[in-house]
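Could you put together the complete structure from these sequences and hints?
Taken in sequence, the protein lines are chains S, P, H and V.
To convert a position in the first sequence, counted from 1, into my numbering, add 2.
To convert a position in the second sequence, counted from 1, into my numbering, add 2.
To convert a position in the third sequence, counted from 1, into my numbering, add 2.
To convert a position in the fourth sequence, counted from 1, into my numbering, add 2.
No lab work stands behind these hints: they were computed from the structure.
Keep in mind that the hints are not guaranteed to be accurate.
The list treats identical chains as interchangeable, and a pair is accepted whether it falls inside one copy or across any two copies.
Under the rule of at most 25 Å between Cα atoms (straight-line distance), these lysine to any residue pairs were calculated in the SDA-like manner [as the list claims (entries may be wrong)]:
1. Lys169 with Leu229
2. Lys169 with Ala201
3. Lys169 with Asp357
4. Lys169 with Gly374
Everything numeric in this text was worked out from a predicted model, so none of it was measured.
Number of protein chains: 4
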Amino acid sequence: MATTPITIAILGGGGRYWAPSVLMDLALCPQLSGEIRLHDLAPPRRTAALGRSIFAHRRSVTTFRLTATNDLRRALRGADVVVIGISPGPTACFVNDLEITARHGILHSVGDTTGPAGISRCLRTVPLLAGFGEAIGRWAPAAWVINYTNPMTIATAALYAGFPGIKAFGCCHEVYGTQRWLAQLLAAERGLRQPPRQAVRLDIAGVNHCTLALGASWQGEDLFPLLRQVVARRGFFADRTPTAVLRRRSGAFWDHDARIACDLFRRFGALGAAGDRHLAEFFPWYLAEGEAGLHRWGVVATPAAFRAGTWRPDAGVTPAPNPLDHGDILVTGPRPSGEEGVAQICALLGLGDLDTNVNLPNRGQVPDLPEGAVVETNAAFRQDRVTPLTAPFLPDALAAHLQRIAAVQQLTLAAGRTCDFDLALQAMLLDPLCHVGTDTAATMLRELLAANAAFLPGWRA
Amino acid sequence: MATTPITIAILGGGGRYWAPSVLMDLALCPQLSGEIRLHDLAPPRRTAALGRSIFAHRRSVTTFRLTATNDLRRALRGADVVVIGISPGPTACFVNDLEITARHGILHSVGDTTGPAGISRCLRTVPLLAGFGEAIGRWAPAAWVINYTNPMTIATAALYAGFPGIKAFGCCHEVYGTQRWLAQLLAAERGLRQPPRQAVRLDIAGVNHCTLALGASWQGEDLFPLLRQVVARRGFFADRTPTAVLRRRSGAFWDHDARIACDLFRRFGALGAAGDRHLAEFFPWYLAEGEAGLHRWGVVATPAAFRAGTWRPDAGVTPAPNPLDHGDILVTGPRPSGEEGVAQICALLGLGDLDTNVNLPNRGQVPDLPEGAVVETNAAFRQDRVTPLTAPFLPDALAAHLQRIAAVQQLTLAAGRTCDFDLALQAMLLDPLCHVGTDTAATMLRELLAANAAFLPGWRA
Amino acid sequence: MATTPITIAILGGGGRYWAPSVLMDLALCPQLSGEIRLHDLAPPRRTAALGRSIFAHRRSVTTFRLTATNDLRRALRGADVVVIGISPGPTACFVNDLEITARHGILHSVGDTTGPAGISRCLRTVPLLAGFGEAIGRWAPAAWVINYTNPMTIATAALYAGFPGIKAFGCCHEVYGTQRWLAQLLAAERGLRQPPRQAVRLDIAGVNHCTLALGASWQGEDLFPLLRQVVARRGFFADRTPTAVLRRRSGAFWDHDARIACDLFRRFGALGAAGDRHLAEFFPWYLAEGEAGLHRWGVVATPAAFRAGTWRPDAGVTPAPNPLDHGDILVTGPRPSGEEGVAQICALLGLGDLDTNVNLPNRGQVPDLPEGAVVETNAAFRQDRVTPLTAPFLPDALAAHLQRIAAVQQLTLAAGRTCDFDLALQAMLLDPLCHVGTDTAATMLRELLAANAAFLPGWRA
Amino acid sequence: MATTPITIAILGGGGRYWAPSVLMDLALCPQLSGEIRLHDLAPPRRTAALGRSIFAHRRSVTTFRLTATNDLRRALRGADVVVIGISPGPTACFVNDLEITARHGILHSVGDTTGPAGISRCLRTVPLLAGFGEAIGRWAPAAWVINYTNPMTIATAALYAGFPGIKAFGCCHEVYGTQRWLAQLLAAERGLRQPPRQAVRLDIAGVNHCTLALGASWQGEDLFPLLRQVVARRGFFADRTPTAVLRRRSGAFWDHDARIACDLFRRFGALGAAGDRHLAEFFPWYLAEGEAGLHRWGVVATPAAFRAGTWRPDAGVTPAPNPLDHGDILVTGPRPSGEEGVAQICALLGLGDLDTNVNLPNRGQVPDLPEGAVVETNAAFRQDRVTPLTAPFLPDALAAHLQRIAAVQQLTLAAGRTCDFDLALQAMLLDPLCHVGTDTAATMLRELLAANAAFLPGWRA
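Given below as structure tokens:
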């Protein structure tokens with residue numbers, strides 16, 4: 003079978019996770035070939051070399067020409083698909099976000115999406131992604147744009163702010179984890195072989211990392227009755243602090259048991275459809291009682307030291323693998339990354355339909371949220387079009403809470419676009435994690451802006 | 003391969019079009035078998051016999067047990083799927099609708115959906131369908147319900163009014179005609195073999211019979227630029243009266259050339275996605291200049307005499323076939339009806355995904371129309387779920403016009419539920435076809451109610 | 003008592019009705035004095051002279067300095083209040099509007115507000131009023147702006163389009179007529195002396211000239227039960243053709259008996275709160291059966307010949323007075339015009355509160371209509387602020403109809419701002435009076451644009 | 003001048019503040035006379051006696067017949083006006099609310115409106131007020147109903163839930179305090195005599211006790227520029243802990259300096275228009291840093307001991323007067339209470355117009371909040387009607403925050419109507435003060451329900 007030739011630009015092409023993931027998945031996709039342009043602040047030659055090794059590996063089934071550039075125009079001109087997976091500023095900024103907010107008493111379990119640390123990251127992200135949007139509008143207006151950058155919602159919204167006609171969507175694997183967890187549960191409860199995650203269908207609605215499943219089914223069977231039974235069992239919600247402590251000692255910061263996802267299910271009637279560490283940050287309850295309160299759910303906050311690279315596992319403990327680490331590619335050869343970007347590209351090229359979750363500006367798919375806000379739902383990927391599926395209504399309480407989150411995000415986007423201190427402060431004050439006085443919040447914001455000033459063009463010192 | 007056994011109740015099982023269509027399609031579907039219960043005011047024994055002949059035909063690939071009943075409870079109890087295709091009252095009522103309105107100067111091209119005649123039909127339909135809804139709520143609450151009954155929008159809405167938890171959707175073939183017309187156009191313009199209608203993808207939004215395509219594509223190619231070229235050609239919108247006259251003489255009342263669909267495209271930017279005869283009734287312009295004004299577009303109004311069975315083609319002219327006539331089934335054996343109900347049943351049973359158009363209460367899929375109004379969009383049919391796809395925004399002018407139509411329909415539904423003369427009159431007055439004085443409208447409504455009183459329980463004489 | 007000194011600019015200062023009305027009312031207001039600047043295309047020296055005579059009259063209680071100019075900047079600089087009452091183009095344009103639409107079969111009872119003739123007038127009005135808005139934004143941004151220009155809704159909307167920060171409102175006397183009619187009815191039914199119109203309180207909502215009263219009271223008594231009795235009397239809605247014929251012969255085009263207002267009350271539950279001649283144009287029913295159909299309600303269409311100045315009353319018939327004619331001012335001296343502009347100015351200056359009806363962009367006062375659309379409601383005039391009172395909800399059918407009217411107006415405004423033929427045609431097609439084919443409508447629009455081309459800058463021929 | 007005779011029912015007629023306030027104001031109103039029926043759980047004979055003394059006092063200018071009853075029907079039948087001012091359950095319940103929530107770490111500055119304590123109070127209030135609503139619907143459906151009961155929003159909403167046709171509004175004096183504070187500021191800044199509070203006009207929007215002023219003026223002058231100057235002065239927001247400590251020692255729990263009101267002005271652009279002690283509870287920032295954090299603003303939390311009657315001022319400190327204490331009426335005779343209920347009654351009887359603030363279901367007056375939610379705005383009191391004025395739009399951040407508050411209130415109302423634990427818990431979790439884990443919140447709610455079980459009919463233990 004002949005392959006379909008395409009040109010793919012990867013912005014953030016020097017990154018350690020997204021670029022290698024895409025390269026591996028492309029290497030394993032027999033339907034595509036063509037050209038890949040890796041773009042970054044400096045031409046990402048090492049990733050290009052890595053890519054060549056991947057395509058040269060015996061398990062690869064196709065090949066692509068690879069170039070590395072720091073010229074955005076050259077990367078974009080003629081591109082059919084643009085993949086964006088960047089970090090907004092160096093790791094030091096992220097560490098600042100975590101440490102400054104912690105100093106003012108605010109704990110984040112992740113800190114890259116929401117909460118004051120997440121908002122700080124958003125302020126750095128907005129001009130970068132809006133800039134990409136403008137550049138795409140100029141040089142590749144017809145290209146499909148897949149965004150992997152976090153904070154996903156704001157990053158995607160900034161692309162549209164930069165170029166309203168952009169064909170961009172955001173793509174996140176958190177929902178897959180919930181599918182997998184339910185597949186596991188089903189296997190355990192029914193004594194089955196674990197079905198593939200895709201066989202578990204979720205009716206989702208929300209914003210990225212705060213996605214909620216309003217229904218779940220497997221082979222047409224509603225899984226919510228089963229889930230209701232399971233969470234009602236004695237002990238299901240027992241204190242998981244010992245587990246959390248072990249996780250913390252080995253650095254298993256990504257691990258969780260969906261107990262926060264299920265607490266939302268118990269209290270509000272919708273299952274959290276993201277990792278607990280992300281969900282915890284969107285609600286004021288799970289981090290309100292400090293790190294101990296978070297450990298109670300079996301969840302561990304990723305320490306600033308880990309981001310800074312100075313964190314070490316406890317002596318004698320086997321360190322947990324970092325799921326974002328592709329360091330062994332050259333040894334093992336390409337393997338499926340678990341991401342869906344390449345499958346989405348195939349669907350957009352007419353090489354097979356795909357239904358999956360996606361982040362897009364709301365045009366009615368989440369009727370509980372304002373028009374234009376970037377929301378996460380299921381969508382139909384077909385030849386040259388992505389159409390969101392209409393989500394069910396949220397329970398009233400969650401609809402109200404998500405409206406609040408969407409409002410914080412819209413204030414954050416506006417603050418980032420206009421470099422407006424007052425709007426940024428308002429976003430922080432309305433954020434669920436920000437349980438401090440207004441003076442404290444203002445001080446904290448000022449400190450964040452000062453610490454990361456080099457990556458905040460347009461903000462007054 | 004083993005078949006999946008199901009029980010299907012067909013309400014309106016004695017009808018001449020829908021019941022035979024479903025029986026033929028089932029006979030050609032190798033995946034299903036089981037039981038079919040035909041229900042009607044009198045047990046439809048002739049249709050049951052017809053069904054047995056169909057399943058006995060050599061082209062049939064499966065078989066079903068067939069029973070005929072006039073006991074709704076027996077028809078519904080244990081049914082997995084309910085198919086509804088009835089006529090609201092005998093043909094004489096339809097003839098009354100057409101003749102009384104015509105006497106007051108109002109011409110309908112069809113008269114079964116909208117306009118004063120359509121509203122009159124709605125008033126008869128609402129109690130019947132709401133009654134079916136209640137019965138399904140009592141005896142088959144988990145069944146999937148496929149409604150074919152016209153007026154589709156009101157009929158589907160009445161099912162939900164009768165049982166808000168119903169799993170019902172309305173199903174109409176008008177959109178297929180638009181797909182077919184575009185496929186034909188494409189073949190002619192490009193010198194291709196005509197692709198199957200399903201290959202032409204339409205982004206639709208609207209209410210049934212007034213559905214609009216906001217985008218059209220084939221193999222990922224946007225077809226609107228081509229369409230714009232075609233309709234801009236000299237002569238495309240030339241007077242088609244001669245064609246209409248021929249159609250009228252032979253009784254080709256269903257035939258049209260999509261010139262009204264294309265006039266909407268030219269004037270408003272969205273292609274009408276229903277037959278011209280239906281579209282004409284939803285806008286005040288195409289029938290405003292009388293039958294001659296309609297002929298100008300090549301369209302013919304179906305005469306009341308045809309409904310009454312007294313119409314005859316002109317002497318010497320070959321009569322046009324009636325597309326709704328299945329009189330020859332026993333001779334030809336089962337053939338695909340062109341309807342999608344059986345494919346939808348298969349998808350709902352998990353036997354293969356299907357994306358097609360559907361009528362469902364609005365929960366955001368048409369953001370321009372009020373929540374709860376029954377709207378037509380694309381939808382994803384998956385195992386035990388139908389999820390509408392979010393439609394694009396309508397052009398402002400069409401959004402406003404469809405809001406008006408939805409308001410007329412909501413007033414009509416309310417009038418039918420409460421037997422309220424004032425609400426029915428308000429619905430008529432707001433209807434696009436009703437260009438008469440308020441006294442005339444009130445007289446006309448009174449005459450309609452009187453003429454069809456036997457089929458309007460609860461209305462005062 | 004010392005007077006409050008103010009500077010008032012009157013745009014359209016050479017006009018025959020509004021400028022003299024304002025001058026008379028100012029002459030009778032002991033609280034104000036200062037400067038009046040009359041502005042028009044040519045310096046309106048005759049009106050200035052007339053004004054001086056008015057202020058010199060013995061019944062005048064104050065005086066103003068008067069200047070005449072055609073320099074907009076000089077008129078506006080330093081103005082505290084701007085009064086706008088212009089005609090969009092010469093009378094010949096109005097005559098064109100009426101004659102061209104009549105030629106295509108469309109009858110208007112007035113033709114200055116809505117219907118194809120009204121839309122044509124709107125297209126001329128928009129650039130003029132938007133231009134005034136811009137000029138006010140530049141030279142008198144803090145001034146209060148009273149708009150009397152018709153079409154009121156579009157004219158006021160155009161002021162806001164020109165300068166979003168403008169402190170403008172539209173002011174119309176039609177509601178006063180309904181108050182007066184009810185006061186008369188009350189007096190007749192109860193054997194009372196007729197109370198002043200202000201004693202009849204109306205709960206109004208709508209758009210100008212299509213205002214609806216959802217409640218009416220006098221001394222705390224709900225007047226709707228009385229009105230219900232009255233309209234239910236035998237003969238109340240009897241054919242009033244003989245009255246209409248007399249009115250036509252004498253030129254009493256303004257006279258009516260509120261029978262259309264009451265037909266709306268009977269059919270929809272809300273009383274029309276404008277003259278019948280205006281109401282008739284907003285609904286497709288009263289003009290659908292031609293001039294005879296209109297006469298049935300006792301209403302007469304103002305003939306194009308009257309606008310052209312060539313109309314003459316029947317021989318031997320006493321000509322009806324034109325209520326808009328102030329020709330006798332110099333003889334009779336100043337008398338209250340019946341308009342409220344000067345009372346509103348006083349209230350805005352803190353010289354006494356005033357509650358009256360007003361046209362303002364919707365910010366919630368008519369929850370049934372879209373935000374931003376100019377709507378008519380009651381409002382509280384207080385020192386330096388005008389606050390709309392929240393209107394009751396409209397009956398569903400009228401809410402839907404007014405949404406349609408608002409949509410037509412928004413399309414018209416957009417067409418006028420962008421000189422877009424398609425938008426203007428869409429506005430016409432959606433207008434209630436436009437019961438013609440799309441080709442006819444397009445031809446008519448083209449003819450209107452051509453006939454008035456001199457007053458439609460920016461439109462292609 | 004003859005007085006207008008009316009019959010007034012006072013529910014909560016045995017209360018210590020509202021009933022005496024109304025009696026005093028009536029005694030000083032020369033326009034009214036008639037009958038007052040005091041209703042309470044036991045016939046409030048002492049208040050009736052107090053009332054007789056008041057009307058007998060030489061400063062009284064009118065008189066009323068007074069009766070005391072515990073028969074709701076006898077109190078309501080024939081009443082023209084119903085005044086409601088009750089406490090939902092005995093003081094012990096209020097003390098429970100404060101103590102139980104404090105035990106779980108949640109501080110309330112008042113605890114009668116919002117926060118977990120306020121929600122607990124709401125759950126007791128809803129059935130009482132809904133019951134009053136039903137009784138009024140049965141026995142006095144045309145009466146005007148003035149509600150003084152707190153929590154105002156929920157109490158008023160419960161009246162409408164009990165009888166949707168009720169003519170009820172809620173009436174609160176907190177806005178007057180803001181007017182007074184601005185009048186004082188104006189006097190101090192300009193060296194004027196302090197104008198009466200009514201001379202300061204506020205454009206308000208919000209929900210009771212979380213009302214926001216979006217504009218303020220005096221004699222047509224916008225006061226916001228002045229306010230901006232004042233709050234920008236060095237020291238304006240200085241730490242007011244010493245003042246708070248003094249207030250605490252003397253029991254001056256009601257005193258404040260509007261520093262929280264002004265912090266909202268500084269941070270969000272709208273001035274808080276309620277006492278700081280109430281405002282503090284609606285935002286998560288002012289109570290987040292504990293009692294010390296509150297003292298920083300000069301505000302003191304009213305201790306549970308004060309509600310329990312066991313609180314005593316510090317030795318040697320002059321106790322602050324309780325503004326709600328009318329203990330000295332018999333000595334001093336009637337004096338104006340500062341409340342507006344009697345003025346509102348006069349306006350509704352047609353004895354003079356009144357513009358003031360009011361709590362009513364939203365029908366558009368606060369376009370940022372959902373239809374039907376009880377909101378606080380200005381309103382026009384006229385003969386037999388109260389019409390809300392349309393409020394300006396809120397700044398985006400405050401709109402979002404008030405939407406959250408309205409959502410909490412709607413969940414609380416629903417919980418109270420249905421005795422639903424999950425809904426009550428959701429309301430608590432979404433409340434701005436509830437910064438605890440979900441388990442803690444559930445435990446706290448269970449304890450609150452158990453402690454006050456005697457006053458929570460229909461809730462499971």
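Alpha-carbon proximity between Lys169 and Leu229, which holds within one copy, between copies, both or neither at 25 Å:
between (37 Å within a copy, 23 Å between copies)
At most 25 Å between C-alpha atoms: does Lys169 with Asp357 qualify within a copy, between copies, both, or neither?
both (17 Å within a copy, 22 Å between copies)
Can you give me the call for Lys169 and Ala201, within, between, both or neither, at a CA distance of at most 25 Å?
between (28 Å within a copy, 22 Å between copies)
When no copy is specified for Lys169 and Gly374, does a C-alpha distance of 25 Å or less occur within a copy, between copies, both, or neither?
within (14 Å within a copy, 30 Å between copies)
Hint compliance for this structure: no hint is broken.
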